[in-house]
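A.B. asks: Next come the chains, spelled out residue by residue.
There are 2 protein chains.
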Amino acid sequence: MESIVDGKTRLFAILGDPIAQVKSPAQVTASLRARSRNAILVPFHVTSEDFDEIVLALKAIRNLDGLVITVPHKFTAFRHCAETTARAEFLGAVNVMRRSSSGVWEGDMCDGRGFVDAILEKGGVLAGKRALLLGAGGAGTAIGYALLEAGVAELSIHDIDRSRLDELVGKLRQRFGDRVTDGAPDPMAFDVLANATPAGMENLQKSPVDLDRLRPATIVGDVVTATGETALIRAARSKGCPFSTGHDMYQALQEKMVEFLLSSD
Amino acid sequence: MESIVDGKTRLFAILGDPIAQVKSPAQVTASLRARSRNAILVPFHVTSEDFDEIVLALKAIRNLDGLVITVPHKFTAFRHCAETTARAEFLGAVNVMRRSSSGVWEGDMCDGRGFVDAILEKGGVLAGKRALLLGAGGAGTAIGYALLEAGVAELSIHDIDRSRLDELVGKLRQRFGDRVTDGAPDPMAFDVLANATPAGMENLQKSPVDLDRLRPATIVGDVVTATGETALIRAARSKGCPFSTGHDMYQALQEKMVEFLLSSD
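Residue numbers (my numbering), protein chains in the order written: chain A, 1 to 265; chain B, 1001 to 1265.
Any given hint could turn out to be false.
Stated by the list, open to error - Listed below are several chain A residues computed to face chain B (Cβ distance under 8 Å; list not exhaustive):
#1 A20
#2 L120
#3 I160
Stated by the list, open to error - Stretch by stretch, here's where chain A covers chain B in the computed footprint (C-beta under 8 Å, at least three residues):
#4 1036-1045
#5 1064-1075
Since the hints were made in silico from the structure, they are not lab data.
Virtual Cβ for every residue (Gly too), placed ideally from N, Cα, C.
Start from the sequences, fold in the hints, and give me the full structure.
C.D. replies: In structure tokens:
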């Protein structure tokens, strides 16, 4: 295609508030073009107040095939899907929606899958391993579910917010049983260390764990997408741990989203 | 800007049914980029049934600054503008809408202006001239108004549909008085010949007038955007008439639309 866009271009939109900071329009559009699709992901600045009305209307645009959902709409968007994956159902949230070939809107939540895929792509093995998850917020919830779905034998979760931690552990135990525990944030005892806290985002030197207790065999994954290397990733690199950064996770997530958006064909 | 689109991209959309054939997304987007705007015009396939709901919702998207309206929505869109230009008001139709700096939606109808601008850009003079307009449909109505607004001394209109002709002549006379007449499609008596019929679109050889009676001094304008030269334009070229093609008109129209869409800043 010679033009940036033409009358035959198929549309995808990302809905968020704020929107100016999102990287998906550039990255997903590049990924769509790399697959020879005449398609584009455009940013829509949508407030919570307007979200329901706008989603209903967007569904009526005939050449709009899917949506990417970002903060603060992931939970609200769930209600706009006629069908969702089991993980989206469990999380009560979606970050992608597509119009199926039968015209039904389907939703999925890829956030945790991006994290897991980034580790698998680096050659890390998760099945049967003992994993420590730091952070029980939105990212931690999606990643915890994805790690259990990927077959970790044990998932131990830590969060400084005790009530948030108890809620997530209880919720995951309902689905995955006693593979889920809570515990101290000591990486020594684990094969996998997943940071889903913002530690390192504002201050690269800040670590969510005692890095002296990180073993060289432990797989390290970080959600932080700071400019520059976080203390956690720097320690993993210097000790020879397999690791994936927040940027690796984000890249894998973008690919997961594109696969989902295009697979209704 | 390196990317096709990013989180800061400002949005414009063209609404029509069908939409795949429209050229504005490519051309207007190129024009926006040539003005160093991080902005894009995307195609929205919107049916008449869904038009009202979709326009209301699009107005709530905070980074969407304007709309281009094409067939069959130009009359319906008029009702969605809080303010319109005098010509849009007269025609009861708009082909562009923008969000003003005060948040009010303003509309204009540029279709006739594109035709007039294309002639003026070629050095043609319209003020004080006698003009013959062929075709009293949507395009003819907009062009007739624009020719009168541009100062032609006389506008004689011809259409094979007598009731449509009478309606347009009557309507234009209310606003422009006896400068407006109906008459035979004989170019000999006129300084300006405007073709707003589809003659030449399906068959390049078909002419809306007797080309033997075209004088070399007569300015010729054609709305037909066929691939290849219409008989009317070919005759104008061979006789040495100043002329503008449907493509010239379309280019001028695109520029008019971009100027309108951006001038709310």
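A.B. asks: Hints first: check each against the structure and report whether it holds.
C.D. replies: Results for each hint:
1. A20: OK, holds: A/A20 within 8 Å of chain B, min 5 Å.
2. L120: violated, 28 Å
3. I160: Hint on A/I160: violated, closest Cβ of chain B at ~31 Å, above 8 Å.
4. 1036-1045: holds (count 6)
5. 1064-1075: violated (count 1)
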